[in-house]
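S.K.: The residues making up each chain are set out below.
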Amino acid sequence: MPLLEVKNLRTYFHTRNGVVRAVDGVSFEIEKGQTLGIVGESGSGKSVTCYSMLGLIPQPPGRIESGEAIFDGVDLLKAKPAELRQIRGKRIAMIFQDPMTSLNPYMRVEDQLIEPLLIHQKIERKRAVELGVQALQDVGIQDAANRIRSYPHEFSGGMRQRVMIAMALITKPDLLIADEPTTALDVTVQAQIIELVKRMQAERGMAVIWISHDLGVVAGLCQRVNVMYAGRVVESGPTASIFRTPQHPYNRALQKSIPALQPKGAELYTIAGMPPDVSKPFVGCPFAPRCEFAQEVCRGPVELKPGDSGQATACVRVQNGELKL
Amino acid sequence: MAEAFLQVENLKTHFPVESGMILKKRVGTVRAVDGVSFSLTRGEILGLVGESGCGKSTLGRTIMQLIPPTEGAVVLAGKNLASLSKQDLRAARADFQMIFQDPYASLNPRMTVFDALAEAMRAHRKISASEINERVAALMQKVGLSPRFVKKYPHEFSGGQRQRIAIARALAVEPKLIIADEPVSALDVSIQAQIINLLAKLSREMQLTLIFISHDLSVVKHISDRIAVMYLGRIVEMGPAAQVFEKPLHPYTKALVSAVPIPDPEREKQRQRVILSGDPPSPLNPPAGCAFHPRCAHTTAECSRAVPELQDFDASRRTACIRAREIN
Chain A
97 MPLLEVKNLR TYFHTRNGVV RAVDGVSFEI EKGQTLGIVG ESGSGKSVTC
147 YSMLGLIPQP PGRIESGEAI FDGVDLLKAK PAELRQIRGK RIAMIFQDPM
197 TSLNPYMRVE DQLIEPLLIH QKIERKRAVE LGVQALQDVG IQDAANRIRS
247 YPHEFSGGMR QRVMIAMALI TKPDLLIADE PTTALDVTVQ AQIIELVKRM
297 QAERGMAVIW ISHDLGVVAG LCQRVNVMYA GRVVESGPTA SIFRTPQHPY
347 NRALQKSIPA LQPKGAELYT IAGMPPDVSK PFVGCPFAPR CEFAQEVCRG
397 PVELKPGDSG QATACVRVQN GELKL
Chain B
-18 MAEAFLQVEN LKTHFPVESG MILKKRVGTV RAVDGVSFSL TRGEILGLVG
32 ESGCGKSTLG RTIMQLIPPT EGAVVLAGKN LASLSKQDLR AARADFQMIF
82 QDPYASLNPR MTVFDALAEA MRAHRKISAS EINERVAALM QKVGLSPRFV
132 KKYPHEFSGG QRQRIAIARA LAVEPKLIIA DEPVSALDVS IQAQIINLLA
182 KLSREMQLTL IFISHDLSVV KHISDRIAVM YLGRIVEMGP AAQVFEKPLH
232 PYTKALVSAV PIPDPEREKQ RQRVILSGDP PSPLNPPAGC AFHPRCAHTT
282 AECSRAVPEL QDFDASRRTA CIRAREIN
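The listed protein sequences correspond, in order, to chains A and B.
Position one of the first sequence corresponds to residue 97 (our numbering), numbered consecutively onward.
Position one of the second sequence corresponds to residue -18 (our numbering), numbered consecutively onward.
None of these hints come from the bench; they were simulated from the model.
Watch out, some of these pointers could steer you wrong.
Said to hold, decoys possible - Keeping only pairs whose Cα atoms sit at most 16 Å apart, straight-line, the calculated EDC-like set for lysine to aspartate or glutamate is:
hint : chain 1 : residue 1 : chain 2 : residue 2
1    : A       : 360       : B       : 197
2    : A       : 360       : B       : 96
3    : A       : 360       : B       : 206
4    : A       : 103       : A       : 120
5    : B       : 107       : B       : 155
6    : A       : 401       : A       : 164
7    : B       : 182       : A       : 125
8    : B       : 133       : B       : 76
9    : B       : 250       : A       : 291
10   : A       : 376       : A       : 363
11   : A       : 103       : A       : 194
12   : A       : 352       : A       : 363
13   : A       : 128       : A       : 250
14   : A       : 103       : A       : 127
15   : A       : 176       : A       : 194
16   : A       : 294       : B       : 249
17   : B       : 123       : B       : 155
18   : B       : 157       : B       : 25
Every value quoted in this text rests on a predicted model; they were computed, and no experiment measured them.
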């Protein structure tokens, strides 16, 4: 049984300018101890997918229109707030992009760090602080016994992200959701954080969902990848085949447009046009207006279906065997 | 070697650190740029990389004379920009222009595309209304925007289109040098490619000298002829883009290059990473000697004695590491 199974999740935002279909029929699952990458451009619904599962969508204007997210037998989307609180922050933890704003500047690191323990476990404060110091040591913060008394501004960006990770992992969660955790950091610090998450994962066997727009980070870290576009998963599969044999035209175009994978100085492939406005209803494939292979058939309904190369692709023409690499 | 078109000589930009509300006392100095020298030929593209706080943006702005240099010279086509009078500098500005990271913040929201481009043209010479119309339309085409959008406001455009407008505005005065400070960092991957292609094309067609500042090494490697790597206010390595990327000389460049994730799972698995410990030091209180020595794997006692100079390693490459020959 998968650790988490998301089925047909739809999260819409009802705004004055129309209904924004931020997440529009997303299904995926993640096994214990696995690492799943979710990639996509801004506005493709990667973060909203994860926020929806944890009940972090402001309602209104947001509304979960349909779907299930079964975590260890509990449907997170229908769970009562009290039930969800037992899971969120304890069995599922989350870290965010900006470590500068996700720590409370008025609280010592100590108090924020052990808060999850005090909430979720019957534990004496003294013992919790000991565990807090241990958690800081585990994420590579030196002199943890003293540093735990510091305020967030006394740490650098990379160190703050370490504190966030220590805080997320202190309850030994089964699933860690990381929403662009290294985007605000320098590359050398990013490399440190990725190594850290890899090590913690290997030690504790937790599953990780890593949201990123950086294909490089995902390639090195994740076992499976979901590629999102306009609120849908357009391609999903093992990392190697997503990168080696991209099937969906959007995924192919994305790979062709990255400088790192192209010969130096070569003109980069560009995707014409812009991502669609998800507040306007559209039928068929959301990528069709920008797709060089689009035909009449692309205006019909399309679903994510497994193909023969080990990944599932939401492209009618790929499914019909009309598009070969 | 071709004649230098832009020459930066021992450029320093220091900022005072003051404390106190009324009676300000100088308590320290941030050496944001601390002795940078290099030269570029006409039409060359230099990639300037480094992590946040290394001084790459300050260097760009100092070359642009947006921040007065503390010391040193910026010689553009034989003219030392740092010594020009206010009036002469204003006139000379037509030769060098800047493109900024955030196309949402760098365009005036109350000016149409036409106003923004026409203002730049009028600022530097007298020009007739009909010529302005013509040239605005030509410029828009050049950067890949339809001239029928000429009466639109910035908010009506997407991020990529706005960056095109910012590029058009920089080109409006027919500059010879453009400094682009993180021009694609705020854009999505599929849009980045468009802007990179555009800048490369413009540089080629118009013989533009381009300094491309970015923290994204793969983008810089793609577009640049040469790369300069900065660490704490100094250039630690400079050389042809492919060589800096594939056979870095300086230990910091090695770590930087190895930290860049490659979107290829096979190669990622095989790579050896140099993981640095700690964070970059504060420019307020840099380590003695080589600023990188506390994080360097090859450090010796010698490294903390004197600040290493940027020296020729071979015909095309320079590096500021006293052990460069031993470790390479």
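S.K.: If a hint holds in the structure, say so; if it doesn't, say that too.
M.R.: We went through each hint and held it up to the structure:
Annotation: proposed proximity of residue 360 (chain A) to residue 197 (chain B) holds, straight-line Cα distance about 15 Å (limit 16 Å). This hinted pair does not check out: residue 360 (chain A) and residue 96 (chain B) have alpha carbons roughly 37 Å apart, beyond 16 Å. With a C-alpha separation of about 10 Å, the suggested pairing of residue 360 (chain A) with residue 206 (chain B) holds against the 16 Å cut-off. The hinted pair formed by residue 103 (chain A) and residue 120 (chain A) meets the criterion: a straight-line CA distance of about 11 Å does not exceed 16 Å.
About 14 Å separates the Cα atoms of residue 107 (chain B) and residue 155 (chain B), which keeps this hinted pair within 16 Å; it holds. Between the alpha carbons of residue 401 (chain A) and residue 164 (chain A) the distance comes to roughly 19 Å, so the proposed pair goes past 16 Å and is violated. At roughly 44 Å between alpha-carbon atoms, residue 182 (chain B) and residue 125 (chain A) are farther apart than 16 Å, so this suggested pair is violated. Note on residue 133 (chain B) and residue 76 (chain B): the hinted pairing is violated, with a Cα-Cα distance of about 28 Å set against a maximum of 16 Å.
For the proposed pair residue 250 (chain B) and residue 291 (chain A), the alpha carbon gap of about 13 Å is at most 16 Å, so the pair holds. Under the criterion of a C-alpha separation no larger than 16 Å, the hint pairing residue 376 (chain A) with residue 363 (chain A) is inconsistent with the structure, at around 33 Å. The hinted pair formed by residue 103 (chain A) and residue 194 (chain A) fails the criterion: a straight-line CA distance of about 29 Å is larger than 16 Å. Restraint check for residue 352 (chain A) and residue 363 (chain A): satisfied, since their Cα atoms lie roughly 10 Å apart, inside the 16 Å limit.
A C-alpha spacing of about 36 Å is found between residue 128 (chain A) and residue 250 (chain A), which places the hinted pair above 16 Å, so the restraint is violated. The hinted pair formed by residue 103 (chain A) and residue 127 (chain A) meets the criterion: a straight-line CA distance of about 15 Å does not exceed 16 Å. The straight-line distance between the Cα atoms of residue 176 (chain A) and residue 194 (chain A) is roughly 29 Å, outside the 16 Å bound, and the hint therefore fails. Distance hint between residue 294 (chain A) and residue 249 (chain B) is fulfilled; the C-alpha atoms sit about 14 Å from each other, no more than 16 Å.
Between residue 123 (chain B) and residue 155 (chain B) the alpha-carbon distance is near 13 Å, which keeps this suggested pair within the 16 Å criterion. Annotation: proposed proximity of residue 157 (chain B) to residue 25 (chain B) holds, straight-line Cα distance about 11 Å (limit 16 Å).
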